[in-house]
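S.K.: Throw the hints in and build the complete structure from the sequences for me.
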Amino acid sequence: MRKMILKVSLLSLFVLGVVGGINFIADPANLFGEALVREMTTHLLQGEIVQSPGDYDEGLLQKEMLTGQEPPETVIVGSSSILYVPWEYPSCYVAGVSGAFLRDYLAVIGILDASDRLPKRIVLGIDPWILKRDNGIGRHTSIAGYADYEIAQSEDYGPKPERAEGSQPHGSEASHRKPKRDGGRIAGESAQSRLDRVWELFSFAYFQSSIRFLQQNGLAECLKSPQERTRVMTEEEARRIPSLLPGGGHTALPHYDMAQNDGTALSAIDDKNLPGMGDEFRKVDERNRSLLEQELAYLKARGTEVEIYLPTLYPVLYEYVKGSEDYAGVTQTEALLRELGKTYGIPVHGSFDPERSGTQSGDFADWLHVDGDAAIREYQKLVE
Amino acid sequence: MVITSLQFLIFTAVSLLIYWKLPKRFQWMLLLADSLVFYFVNCRAYTFLYLIGAVGAVYAATCIFVRTRAEGAGEEERSQRARKVALVLALLFNLALLAILKYSNLGIHTVNTIAQLGGGGRPLLREVHFPAPLAISFYTLSLLSYLIDCYWGSAEPERNPLKVLLFTMYFPLMVSGPISRYREIGGQLFEEHRFDYDRVASGLRRAGWGFAKKCVVADRLSYLNDQLFLFPDIYSGIWVLGAAVLYSVQLYFDFSGCMDIVLGISECFGIRLSENFKAPFFSVSIQEIWQRWHVALGSWLNDYLLYPLMKTKPMARLSERLRKKYGKRGRHLATYPALLVLWSAMGLWHGDSWKYILGEGWWFFFVIVCGQLLAPVFATWKKKLHIRETHPVWIAFQRCRTVLLFGIGMIFFRADSYPAALHMLGRLFVPTGIVSPLRILYYAAWEDFGGWPVLAAVVILFVLQMMADAKVYRRESAQTKVKALHPVLRWSLYLALIFTTIFLGAYGRSSFIYFGF
Chain A
2 MRKMILKVSL LSLFVLGVVG GINFIADPAN LFGEALVREM TTHLLQGEIV
52 QSPGDYDEGL LQKEMLTGQE PPETVIVGSS SILYVPWEYP SCYVAGVSGA
102 FLRDYLAVIG ILDASDRLPK RIVLGIDPWI LKRDNGIGRH TSIAGYADYE
152 IAQSEDYGPK PERAEGSQPH GSEASHRKPK RDGGRIAGES AQSRLDRVWE
202 LFSFAYFQSS IRFLQQNGLA ECLKSPQERT RVMTEEEARR IPSLLPGGGH
252 TALPHYDMAQ NDGTALSAID DKNLPGMGDE FRKVDERNRS LLEQELAYLK
302 ARGTEVEIYL PTLYPVLYEY VKGSEDYAGV TQTEALLREL GKTYGIPVHG
352 SFDPERSGTQ SGDFADWLHV DGDAAIREYQ KLVE
Chain B
288 MVITSLQFLI FTAVSLLIYW KLPKRFQWML LLADSLVFYF VNCRAYTFLY
338 LIGAVGAVYA ATCIFVRTRA EGAGEEERSQ RARKVALVLA LLFNLALLAI
388 LKYSNLGIHT VNTIAQLGGG GRPLLREVHF PAPLAISFYT LSLLSYLIDC
438 YWGSAEPERN PLKVLLFTMY FPLMVSGPIS RYREIGGQLF EEHRFDYDRV
488 ASGLRRAGWG FAKKCVVADR LSYLNDQLFL FPDIYSGIWV LGAAVLYSVQ
538 LYFDFSGCMD IVLGISECFG IRLSENFKAP FFSVSIQEIW QRWHVALGSW
588 LNDYLLYPLM KTKPMARLSE RLRKKYGKRG RHLATYPALL VLWSAMGLWH
638 GDSWKYILGE GWWFFFVIVC GQLLAPVFAT WKKKLHIRET HPVWIAFQRC
688 RTVLLFGIGM IFFRADSYPA ALHMLGRLFV PTGIVSPLRI LYYAAWEDFG
738 GWPVLAAVVI LFVLQMMADA KVYRRESAQT KVKALHPVLR WSLYLALIFT
788 TIFLGAYGRS SFIYFGF
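These protein sequence lines map, in sequence, to chains A and B. Residue numbering for the first sequence follows our numbering, beginning at 2 and increasing consecutively. Residue numbering for the second sequence follows our numbering, beginning at 288 and increasing consecutively.
The set of hints was computed from the structure by calculation and includes no laboratory data. Bear in mind the structure is a predicted one, so any value in this text is a computation, not a measurement. Mixed in with the good hints there might be a few duds.
With a straight-line cut-off of 20 Å between C-alpha atoms, the simulated EDC-like cross-links for lysine to aspartate or glutamate are [claimed, not checked]: (1) K8(A) / D485(B); (2) K225(A) / E356(A); (3) K450(B) / E471(B); (4) K389(B) / E414(B); (5) K4(A) / E414(B); (6) K284(A) / E414(B).
Just a sample of chain B residues kept apart from chain A, beta carbon distances all over 12 Å, derived [to be verified]: (7) K450; (8) S572; (9) A625; (10) L626; (11) Q659; (12) H678; (13) Q685; (14) E763; (15) T788.
Pairwise CB distance ranges, derived in the manner of DEER restraints [as the list claims (entries may be wrong)]: (16) Q228(A) / D735(B): 35 to 45 Å; (17) P595(B) / G18(A): 51 to 61 Å; (18) A260(A) / R559(B): 53 to 63 Å; (19) Q361(A) / D735(B): 50 to 60 Å; (20) W200(A) / G474(B): 37 to 47 Å.
No residue lacks a Cβ here, since even glycine has one placed at the ideal position from N, Cα and C.
M.R.: In structure tokens, the structure reads:
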């Protein structure tokens, strides 16, 4: 038996060593690139524009940015749909993380709250799928602890959440696990995140990306220091190359051909795999609704003005969603947000419905994002 | 915890380490603990109540069997009646649970479709969504076989309910079977096992091969098949046949890959499960391919459905009547209704949709009409054309024909619904060129598929599997060949297989296809 254990252990060590080593060196998504994110933050906080490294820990970047500067008057919270919008608030920071789900929103607000930096105004750019049951989780694990903190902070506000029949509690939001605040940092905030990263170090899918990355960029590029890898851009360069702006936003997305956008949207409909919703979003999840309402009530009670922005859904998608029982949750979400707006005196800008917001296919940069100027137009146009 | 994940590998490795270090009398308890962990990680906790209910009903029935057997000779008739009642109640309870949890929507859809045909606008009934326990289709059949075997006296009822629970939910079986018989694995599960280096090594080799089959071949081919089945209007004519065969290959590598992993891991625990595949692509008829594909399901249905059905009084009467009228052929005719029930049950077992029953109907047609009714006509043709049954070209032709017909039936399994399957079959008769669809397939799926390196790996693994199957066909073992290799060559092969799987496999793609059945 010892012989077997020795052989299997050696083989496993060898295989996992190769996989882990290559993943760590190539690290195409910058999972182990905390130093790179910190280097980027240093430049951004100095008012410089930085080239986007593609994939990086967006949650960590927001944490560093939000805690590293004096809070602006307005903070825009949301997913990538708010990142490309040239917001016109005089003192504003855009705290968007791609593909944000409900707990990511709460985490970003939690970062501000934990360091007593809640701004005068928070604009929530809410995607249509945020109240789907499966989307109560957070995707940005490095700031997950802040979501727990914020949920614990807001649990005494708004209506008490009702557990839907058969539903599981989301994450670690139970009050008995209320995270402790220590000088603006949340105790134990990154334990899960670190574990996930260690797990990812041995991921075979990540190994495949690492090999491709090594083939494309060479070993020398991967071995560069974070200082060497962070590229500060001029405004001229930033118009051509995807970059991060000091105000939190990103430079405008390239405009794709409308036919191509239509094709991609139709293909998603054919596959019945819509962004953020997958194959169904039949109804709003009661638990997620309660969490959102609690947060709105809490922010109001803390004296923060809240505004809601509903980014328009691509017309082909909305047309399909509107007529499908399987995606009835989208229209329910809009109706509910408008109702919450009335209850708490929160202005609701825009609409998921392109007809209502006056947005057309040509106003979209790609099939998921409205072009920045069109987004500002729809934000200003429709307020209820 | 998907069984192709790193988490599962670590879970199994830790279990094995504890298993072989533990005092032998506790080994089965560890397996039960592992199975419970595996269940609760993969399934909602409250569905465990269904499983406990199913096991409880069977356990109660077998206790009645034991008690009534102990009663005196004068009580024979009353005991027999009590045993029968216990059997029927336990059977009904388990079948009802399976029907409600798995087939409710089939009934609802059927009622709605009939109502809408009659002119109704809105659906009469709403769909229901019951979360079912893990592997309910597999463990229900295993449990029922145990119950019936105990009733027939061919298996000894187990007194310890925890052991019955382990038999039901032994964790390697909770993925996709194979459907196991108590008389085959019951003893193995509970007996004390001594560490056997060769057995564990053989199990690891087999599991490794299964991972490669699943991740490299099945999951990579799924990218091509998704495209082919999504757009039958583009991929018409000969492309439909291509899709049918390609899907059969995907399904074979998916399911048999899963079986290799399951049987391999089980072997590491010293428990030998029965084989579920016996070189199906070497079959020369549809009847034979179903004797070699998902063997456990076929033999279960034969033993517990077909043969008992044939022994019923109405069937015996029908058989006798037909024998008197048509002689020896009449006896065969009497088996057809029972076979129809068997094939329908086989279709129904696969899922809550009529498409499965239609798919099985396609094969049933070939088994009965071509395999039996028209057999004399074909025999005459063969004689006239001087075809020798044992000629290699004739055998090769039969094998290709069988795979093709089998694949066409599989279209029903892969398509979203039976109208979609029928539409796809209709497109078979619409001629399409080769180049234009090939170009579209290239742009749509080639990159996801993985390009030339993956194609090369898929072809090599396919050829190796066929070589191994050829050995199985001749009742030999491919493992002995590998074991006999020089250690340097053997270890090079292992490393090549591991890194091919890691580098070229598709991860996070899907669960096993049969997991959904």
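S.K.: With reference to the structure, classify each hint as holding or not holding.
M.R.: So, going through the hints one by one against the coordinates:
1. K8(A) / D485(B): Holds, at roughly 13 Å.
2. K225(A) / E356(A): Distance ~49 Å between K225(A) and E356(A) Cα, so the pair is violated.
3. K450(B) / E471(B): holds, 14 Å
4. K389(B) / E414(B): Holds, at about 12 Å.
5. K4(A) / E414(B): violated, 56 Å
6. K284(A) / E414(B): holds, 15 Å
7. K450: holds, 26 Å
8. S572: Nearest chain A Cβ is 37 Å from S572(B), so the label holds.
9. A625: holds, 39 Å
10. L626: holds, 37 Å
11. Q659: holds, 42 Å
12. H678: The assertion about H678(B) holds, with a minimum of 46 Å to chain A.
13. Q685: holds, 38 Å
14. E763: holds, 26 Å
15. T788: violated, 8 Å
16. Q228(A) / D735(B): 35 to 45 Å: For Q228(A) and D735(B) the Cβ distance comes to about 37 Å; the hint holds.
17. P595(B) / G18(A): 51 to 61 Å: holds, 57 Å
18. A260(A) / R559(B): 53 to 63 Å: holds, 59 Å
19. Q361(A) / D735(B): 50 to 60 Å: violated, 32 Å
20. W200(A) / G474(B): 37 to 47 Å: Holds, since W200(A) and G474(B) (Cβ atoms, about 39 Å apart) stay within the stated range.
The structure does not agree with the numbered hints 2, 5, 15 and 19 stated previously, though it agrees with the rest.
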